[in-house]
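Trainee: Produce the complete structure using the sequences and hints provided.
As given, the protein sequences belong to chains B and Y, one line each in that order. If you count the first sequence from 1, position 628 lands on 628 in the working numbering, and the numbers rise without skipping. If you count the second sequence from 1, position 252 lands on 252 in the working numbering, and the numbers rise without skipping.
Don't read these hints as lab results, they were simulated from the structure. One or more hints might be untrue.
[Unchecked claim] In silico BS3-like cross-links for lysine-lysine, where the CA-CA straight-line distance does not exceed 25 Å:
(1) Y/K263 to B/K709
(2) Y/K57 to Y/K104
(3) B/K728 to B/K706
(4) B/K86 to Y/K377
(5) B/K86 to Y/K402
(6) B/K668 to B/K728
(7) B/K728 to Y/K333
(8) B/K649 to B/K633
(9) Y/K85 to Y/K51
(10) B/K730 to B/K668
(11) B/K633 to B/K728
(12) Y/K116 to Y/K418
(13) B/K709 to B/K728
(14) Y/K263 to B/K733
(15) Y/K418 to Y/K373
(16) B/K728 to Y/K263
(17) Y/K94 to Y/K128
(18) B/K730 to Y/K333
(19) B/K728 to Y/K284
(20) Y/K402 to Y/K377
(21) Y/K333 to Y/K377
(22) B/K730 to Y/K263
(23) B/K668 to B/K649
(24) B/K728 to B/K691
(25) B/K691 to B/K730
(26) Y/K85 to Y/K373
(27) Y/K402 to Y/K317
Below are the chains, spelled out letter by letter.
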Amino acid sequence: MAASSKPGSPPSSSSSMAQDLFNNFSFSKTLKLKTKQQELLIRVTVLTLIYILAFITRLFSVLRYESMIHEFDPYFNYRTTLYLTKNGFAEFWNWFDSESWYPLGRIIGGTLYPGLMLTAAALYSVLRFLRFAVHIREVCVLTAPFFASNTTLVAYFFGKEIWDSGAGIVAAALIAICPGYISRSVAGSYDNEGVAIFALLLTFYLFVKAVNTGSLAWALASAFGYFYMVSAWGGYVFIINLVPLYVLVLLVTGRYSLRLYVAYNCMYVVGMLLAMQIRFVGFQHVQSGEHMAAMGVFFLLQVFFFLDWVRHLLSDTKLFQAFLRITVTGAVSVGAIALGVGTASGYISPWTGRFYSLLDPTYAKDHIPIIASVSEHQPTAWSSFMFDFHILLFLFPAGLYFCFKRLSDATIFIVMYGLTSMYFAGVMVRLILVATPAVCLISAIAVSATVKNLTRLVRSQSQAVQSGSSKGASTAKSSSKGVIDNSQPFQRNGAIALLLGAFYLLTRYAIHCTWVTSEAYSSPSIVLAARGANGNRVIFDDYREAYFWLRQNTPPDAKVMSWWDYGYQITAMGNRTVIVDNNTWNNTHIATVGRAMSSYEDEAYEIMRSLDVDYVLVVFGGVTGYSSDDINKFLWMVRIGGGVFPVIKEPDYLANGEYRVDKGATPKMLNCLMYKLSYYRFGELTTEYGKPPGFDRARGVEIGNKDIKLEYLEEAFTTQNWIVRIYKVKPPKNRW
Amino acid sequence: MPMEEPLFRLPLSLLLFLSLFLLPTCFSSSTRDLHILNAERRIDLTSHIIKVYLTLKVENSGTSPASEVHLAFSPAEAEHLAIVKAAATSGKRKKMTYTPLDVKSAELPDGPNGTKFFTVTLLTPLNKGETTTLEVLYILTHSLEPFPVEISQSESQLVYYRDSAILLSPYHVKQQTTFIKTPSTRVESFTVVDPAKRAGTELKYGPYEDQPPYSYSPVLVHFENNNPFAVVEELEREIEISHWGNVQVTERYRLAHAGARHKGAFSRVEYQTRPDATGASSFKHLLARLPPRVHSVYYRDDIGNVSTSNLRTDYRKSELEFQPRYPLFGGWKSTFVIGYGLPLQDFLFESPDGRRYLNFTFGCPLTQTVVDKLILKVVLPEGSKDPTAVVPFQVEQHLEVKYSYLDVVGRTVVVLEKRNVVPEHNVPFQVYYTFNPIFMLAEPLMLSLAFFLFFVASVSYLHVDLSIRK
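Mentor: If you want it as structure tokens, here you go:
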């Protein structure tokens, strides 16, 4: 730096011969000169790289498999997006879908969060307008990575807001590759969460910005961010409860300010009004118990403001104390009465089961089997915390320490966000996602602060050693460090060692994230991959085989009965009507299907006839050893069916409390519809060398009923690896 | 464009004109004059595409020279007729040479109801007393009727074939024989028109002597045919030319098994463990012959990639062997897309008059399949003008406009449509057009301009202070 600055300074006095050269030189000089500009350049470059990295690391799934929609819910989103782009917004908003929940149907426009579909459709039309002839599927597949990239930017600004730009950059880098977030935002994971985390973080950032500045514009922006979040995901309830909680904490800790007043009022009122435009949410903001906290805090804030005003008028503190007591008591009692009356009269709906199950992890298990049956609703194991956060799990407490050390409105927010979301992440596996941004931000603070301190130590010492007294321009900070330096002789080496250690840890984190992304989180779960005997990659594409068969070779109005897990996929890929799907809005309907699956064939036939079922689809992993098949899910069908129809009793299917499919199983188990459909003619097949025919590889036993006869159904199609089996329901016999 | 059309239509209108005026006079006289000395028909029923090889020895017994020979087809045949080819033979057995002849659809006034005619134009008019030998090949599709209409998985497929034991002809036929080749020795029944006999996989009708014009004697053959009845109901081939060096071909198939419909259950365990005994008429593998030097081949359908395909390439041809997602039983359908890229220099040439032309193969790359409706779209690069297609047989054609990546005015698409396409239609065709290479630069320039504007915007944003309050 110092050496190169010399020739640049006298450009005007040089000869005309080298004018050109010098012009070039001075141009490059202007680029180089200011440290601030350099810093900006580096920051922008790093952010751009992070932006790109966040996108491309999510493309593992496309590389490993293909550009396709993953899992279950994304298929519904894809189908609705397709409908939206084909038929326009009005049609989409008024869509009554008769292809699902036969014969009830589903009002799509009123029962979904349209944010994701509208976003993808908007991206699609913009690309189309710019004459990029892309397919809507590609847009849907890449929506989540695109928004993940945008999230890194928001994380940067958020980090900058609560700490400094260094922490912002570290936060952006951490969240770009954090497995907890990647698990829900790989290419193809076209789900609400993909855009919702972006919206969530954006809302929080804008709100914190609004609180910090007291600016109406930022508050308004955060209201719009909230609106986007509400339109995208049901997780907006977290915002509408966390923000009031945060405000409450600020009030309690005596950090009330006019900035807070402006920010919250604007955000809440405008956000609430905007959120009411989403049909699925409707008037919940004023009618549902889950949203009452926000309203309560809103009124409380008014009371605070009023008190502030009164205190301003009253000079007598004693009088004010009395007034305060009366007002607060009055306000609280009025609020309590209003809440009580509202709840008692049914105007304010009580908390939903999902909400309860969040607060109390054991609630769902006892009361709502349909929530408990979903694997992503299970309480989180420590290993998955470790898997999803890796070193962030250790950096998180450190970051909390730094936050507490430099307490401000913004750090209080991030601490609260971190702690609450961590609790919810412990309750439900899928909520790790919500905790991820907070964990990344707090960890970023830890990393940034630590590295900054250490580098300052290393730098100041080297400067002190090199310059000594000659420079004399050493700042007060470095001299103060120098004092500490004297007391600890090995501090510099220690700092270097610690820095190296930090970089080692961060490298491990990056390696871990890449590995997790490529190995664990990129599977579309539609296509299953396994290693063959000689190390080659074997692909089981049975799901699509079956769905495509349904799509091509069954009557267009055929009704397919399956367990609800496959409902969205059947409607989207098979293009056929289903009885139940992943929306799970009608427990009785699902219980009816569960009852049919767990009944004897003749009883099931009656149920299926009453539901106009033409085909029954079961998933069976006995040949391939695929363990998440219907037989392993069967107890949930029994439980959910039994929850509504008491004729189904769980003990009938358990042999001495044990769930088994071999000879020791109960007769009811061996003859129920699910067992018959899964194992029909399986007894003739030798699955493994050296094992008897009918050896179930998923459960590792020889099946108990090898001689299965079907009377009312016939095998219509079985995929190559037997993973999906489709049966046709025979028409009723003639009475002759 | 407006100059081209009348020119293009001229031969057609001329033909109509000729046929209207000349038919009643010259043609009718020739039908009386000519007669067939010997007719030998070999009908190949081994696949679902029926090939009939007809050898006719024609003699002119009239007074005036005849230059045309007519072929007659019954209405049922005419409906399923895919192609008629004729060749004149000369020389003896070993050194036989074939000269292809012109075959045109024609109208004859004295034919029985619905009889359809084709006219073969001879190289040299046949003078009085002369004889000539014609080799005719015609191909019938959808002419095997499955009976029973529905079969179960373990049954094999039986079909009916209907024809006439005696050649339908507008001429007097002195002597004729018909051989029918069946795919297996299993023949359930056949109509006996004496003399008729069966030996192995061959049925022989005839020889019959002295049959007057338009003789017809219906026969029905009921036999086993387990060949895959692979029918592409609709095939859309899109050939997109990029002057940057690539020809991108996208083929959208709607495939069906047109044989006896599958009845009852499909048992995977039987299909898996006893592959010979069950699902005899079903098929699983398909083979597409693609041009050599093919690259970036993909095979997918509405719901994603299909992972069961295998590509073999050598310097003469490429073979793509692939499987639909599931085996196709009678009546089952499947749709899929095959796409591939080809080097431009293999297919695009410059004609002496400075125009460019694409030389590509018509028809369907799948072997042994019938295409009910083939839509061939040639997407020319943006900015190309005056497209004309040269196809050796009659096709419907029109123009479309397609918008692809970064298109402003859209690309001209030449659409060619043909029904009932068989592998014999895989012959080259040409599409001529004019193109100014300057258009190639339009898209890169647009992109660079966009980036430039973006940078200008960024620079100005950094340098302009927009705040109201100072």
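Trainee: Each hint: holds or not?
Mentor: A quick look at each hint next to the structure:
Taking the CA atoms of Y/K263 and B/K709, the gap is about 19 Å. The hint holds against a cut of 25 Å. For a cut-off of 25 Å, the pair hint linking Y/K57 to Y/K104 stands: about 20 Å separates their Cα positions. Between B/K728 and B/K706 the alpha-carbon distance is near 21 Å, which keeps this suggested pair within the 25 Å criterion. For the proposed pair B/K86 and Y/K377, the alpha carbon gap of about 24 Å is at most 25 Å, so the pair holds.
Taking the CA atoms of B/K86 and Y/K402, the gap is near 18 Å; set against the 25 Å cutoff, the hint holds. For the suggested pair B/K668 and B/K728, the alpha carbons sit about 23 Å apart, so the restraint of at most 25 Å is met. For the given pair, B/K728 sits about 18 Å from Y/K333 by alpha-carbon distance, which is consistent with the 25 Å threshold. At most 25 Å may separate the alpha-carbon atoms for a hinted pair to count; B/K649 and B/K633 meet this at roughly 16 Å.
A hinted pair counts as satisfied when its Cα atoms are at most 25 Å apart, and Y/K85 with Y/K51 qualifies at roughly 11 Å. The suggested pairing of B/K730 with B/K668 holds, with an alpha-carbon distance near 23 Å, which does not exceed 25 Å. Restraint check: the Cα-Cα separation between B/K633 and B/K728 comes to about 22 Å, which is no more than 25 Å; the hinted pair holds. For the proposed pair Y/K116 and Y/K418, the alpha carbon gap of about 19 Å is at most 25 Å, so the pair holds.
For the hint pairing B/K709 with B/K728, the CA-to-CA distance comes to about 14 Å; that is within 25 Å, so the pair holds. Between the alpha carbons of Y/K263 and B/K733 the distance comes to roughly 17 Å, so the proposed pair stays at or under 25 Å and holds. Between Y/K418 and Y/K373 the CA atoms are separated by roughly 6 Å; this keeps the pair inside 25 Å, and the hint holds. In summary, the hint linking B/K728 to Y/K263 is supported, as the alpha carbons are separated by about 12 Å, within the 25 Å threshold.
A distance of roughly 28 Å separates the Cα atoms of Y/K94 and Y/K128; the hinted pair therefore is violated under the 25 Å criterion. Our distance criterion of 25 Å between C-alpha atoms is met by B/K730 and Y/K333, whose separation comes to about 22 Å. Restraint check for B/K728 and Y/K284: the C-alpha separation of about 23 Å stays at or below 25 Å, so the hint holds. Pair hint Y/K402 plus Y/K377 holds up; C-alpha atoms about 10 Å apart against a cutoff of 25 Å.
A distance of roughly 24 Å separates the Cα atoms of Y/K333 and Y/K377; the hinted pair therefore holds under the 25 Å criterion. Simply put, B/K730 and Y/K263 have alpha-carbon atoms about 13 Å apart, close enough for the 25 Å limit, and the pair holds. For the hint pairing B/K668 with B/K649, the CA-to-CA distance comes to about 10 Å; that is within 25 Å, so the pair holds. For a cut-off of 25 Å, the pair hint linking B/K728 to B/K691 is broken: about 31 Å separates their Cα positions.
Proximity of B/K691 to B/K730 is assessed by CA-CA distance (about 34 Å); at most 25 Å being required, the pair is judged violated. Between Y/K85 and Y/K373 the CA atoms are separated by roughly 20 Å; this keeps the pair inside 25 Å, and the hint holds. About 30 Å separates the Cα atoms of Y/K402 and Y/K317, which puts this hinted pair outside 25 Å; it is violated.
This entry does not satisfy hints 17, 24, 25 and 27, going by the numbered hints stated previously.
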